[in-house]
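What follows is each chain in one-letter form.
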Amino acid sequence: METTSNFLNIKDVSTAFKINGKYYDAISHVNLEVNHDEILAIVGESGCGKSTLATTIMGLHNPAETKITGTVDFEGTDLLKLDEKGYNKFRGSKIGMIFQDPLSALNPLKRVEAQISEVMDYHTDFTAEQKHDRVMELLDQVGIDNPKRTARQFPHELSGGMRQRVIIAIAIACKPDLIIADEPTTALDVTIQAQILDVLRDIQKENHAGIILITHDLGVVAETADRVAVMYAGQIVEEGSAEQIFNSPKHPYTRSLLRSMPQIDKQDDDLYVIQGNVPSLQKMPTTGDRFAPRTPWVPASEHEADPKMHDLGDGHEVRCTCYKNFEFPDQQGGVKS
Amino acid sequence: MSLIEIKNLEVHYPIRSGFWNRVTDSVKAVDGISFNIEAGETYGLVGESGSGKSTTGKSVVGLEKVTSGSIMYQGKDITKKKNREALDYNHDVQMIFQDSLSSLNPRKRIEDIIAEPLRNFEHLSKDEEKLRVLQLLDIVGLDADALYKYPHQFSGGQRQRIGVARAVATNPKLIIADEPVSALDLSVQAQVLNFMKKIQREFGISYLFISHDLGVVRHMCNNIAIMNRGRLVEIGTRDDIYNHPIHIYTKRLLAAIPETNVNSRAEHRASRLAVEEIYQKQQDKYYDKDGLAYPLVPISPTHSVALPQDVAQEIIKQEGEVQA
Amino acid sequence: MWKTVLRRIMIMIPEVIILSLLVFLLAKAMPGDPFTGSINPKADPAQLHHLMEMNGLYDPWYQQYWNWVVHLFHGNLGNSYQYQEPVARLISSRAVNTLWLALFTTVLTYCFALPMGMYAAKHEGKLPDTIIRFYTYITYSIPFFVILVIGIWIFGYVLGWFPTTGSISSTANPGISSAGSRLYHILLPGIMGALFGTVNVVQYLRSEVIDAKRSDYVRTARSKGVPEADVYKHHIFRNSLLPIAAFAGYSITGLLNGSIFTETIFSYPGMGLLFINSINYRDYTVITALVLIYGILNLLGTLLSDIILSIVDPRIRIE
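Residue numbers (our numbering), protein chains in the order written: chain B, 1 to 337; chain A, 1001 to 1324; chain Y, 2001 to 2319.
None of these hints come from the bench; they were simulated from the model. Errors might be hidden in some of the hints.
Which residues of chain Y face chain B? A few of them, derived with a C-beta cut under 8 Å, are [as the list claims (entries may be wrong)]:
id: 1; residue: Asp2216
id: 2; residue: Arg2219
id: 3; residue: Thr2220
id: 4; residue: Arg2222
id: 5; residue: Ser2223
id: 6; residue: Pro2227
id: 7; residue: Glu2228
Note that beta-carbon positions come from the ideal geometry of N, C-alpha and C, so glycine has one too.
Kindly produce the complete structure, drawing on both the sequences and the hints.
And the structure:
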């Protein structure tokens, strides 16, 4: 894998939504890069801004109600400077998107084939026959047994897993360099989830694409991601390889999340609970460590006034200095687990 | 004696067709299942969507018309409305739903929502009632100012805790929890699960914990039943199911749980694909000619699997060899 | 599907029987009789009595009903007392007028309503939307007949642009000029009816489009790189128009009912005017026949809507 082949550079991107006439940051000053041949997972709980980041890259926000700053450099073009027409050259062709709820994300009144070939209508000069062949090829690629039959069906005639495969087929129809998958398996059963993740991985290998996988499921991340960015309250708080994040997590939030998962060896204990709640958009703290209110036992002196990302080497970065001496309250003075 | 004994429970939905709209076939949502829930335990019912696990839950609480079979509680069959009324059954058995927003009346204040089961079953004075509601809120970790708020003013996790408070209001003996945490974020899920455990410790409540999430089920349940297309494929203790699964369907479900250990990612994937291959290729070994699970046969005092006895023994022998 | 349609029609039979019985009894319950006022006021009571007897009006109600049903099955709806001609012929000559008016109004309604609804929804919250919504509220809050009377006063009398009564000019020659005259006569009632009829369609379509705009599948379409104009054309409008298409079945029968107002106020010789007149003259045979026709049309309209919906929406299948 070449390390210099990053083709997507997100620099200092903030997206603010207008609520009652005032703008509130849903994501603030996000920096990320995505390389070919890798899966970057963005993980966080609802309201952390991970989906907003996806829709910001795709340019799916209503400009009248959103204020976006920063740059999203995609293969040399700043996407955020494009007008609608310019953006449409990228959407569907260079960037494909997979959505969470496969039933509502498909037009209920169009057959599967029409929905897949629609992408090619705008990005290729294929003849009707070529488009049909490509649809068959795609359906086969995403693991549908009987492409001919499925192509003629309507979304409501398919199971959840099948629908999600169709969505993936739409996203990869024009062999995009970047695939953004927003909670692609949340609505699915575990066995189907595993199959869908396999399909995603296979496609990425075949197309040398870069994938941004947005999820709240740490298990999915651990199984699929090469790199992981953890988001809390609109900011990235920790970034690193999957090994770094899961084997030596640093930020208090990452550690808390991992600790609140049910563990095999501690089944009769209580689960770890993060104190307090995720702040709402309007109540988001704009200064200091945003996670600090949820670790009240940590002295203020541990936090930076304006928390920066700190490089720990090998691409592992963590926000704020408070990670250095962080301990859970029940472990203070005891043995660190 | 068990708290609840479910025997050969069947729930079939008729399919009507033809000119006269006659019943021509039926969907066998629940197709003859039996298990017992002991007092004070958490019984896990696991299955994928469409397996019939929610229908089973609704039958136990009396919300579903049962086609045949019995659910015995205190020596009476509560699939009959008459017996439910005689036993005050819905005082003793409550339910927690997955979607806390749509299962709480949006126009009622939290005080009224939690007090509703109390008003139905226990005739308390205004002050006594308020005291009880406050105690219940305290149990699930909510402040007194929640009393006068409406459901939409709470977060998902808080609403689910309100659902728990409502369910425990009447001091029930059993709570049916249908996917109680699957809509919640990880940290909030932990909170709700902890409260459910705490309440169990304090009041000795039993849970029928219905879920597709095997990680959560392992954390919560003592005994577990795996459901597949309306039938049970395997029942056993947590140890039986997680450490000695016999049926390929159970193995497949377990293999599909994402592993948080990044280091063994490749091995885990390989073993999952191996199980998947057996599942695809050996359908006729594990299922009858209609593609449905066989009747359960016991292979240990706690562990039963839906396979013909000889097949079950063969698999146990193989497993033993692998481990030795 | 045809099985289900047939079954639905069969279910309609008892509905129609009950309806006809109700109608018949209500008509009979009205005070008065068809002859007293219509003949010479000084007519001999004995002769009146004889007329009543001849027409079987002294028979018990079930006898009268039975006779009526037997005749109905022979295709004989009876004779109008007032016009002294077969009810079937009377109604069919009027029905043609009503049908033209209803058709014209429906076409106009959709011509006005579809662009208005779509435009309002596309520019939701902006000035055009506000204006269109204001218009719909105004027309919605004024009773239909008031609008008609105001319209007839302004365009018929004050400006004198349109005729105010009848369905055709008495001087029109057969052929082109008669067709032109007919069109000229339905222009004002048609436009007035359409202006009123748009309200429901506009409101309904507007909310459908606004829902569709925010739906996930539209977001999917945008993420495919489909230009905004095509997103509207292929996804938003197409999907929002389907329920409107199904609505057409109801709206046609609705217009027939509405024709009672329009025709009375414009003295337009259609079924609506005939209905009002026959009530005034206790013309039982005509009343019962008309109500029966309206009833059957309503039932057919619902069926038609369901059939249209099942054709245009793949999620709904009648077997």
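Here's how the hints hold up against the structure:
no., hint, verdict
1, Asp2216, "holds (4 Å)"
2, Arg2219, "holds (6 Å)"
3, Thr2220, "holds (5 Å)"
4, Arg2222, "holds (6 Å)"
5, Ser2223, "holds (4 Å)"
6, Pro2227, "holds (6 Å)"
7, Glu2228, "holds (6 Å)"
Violated hints: none; the structure is consistent with every hint.
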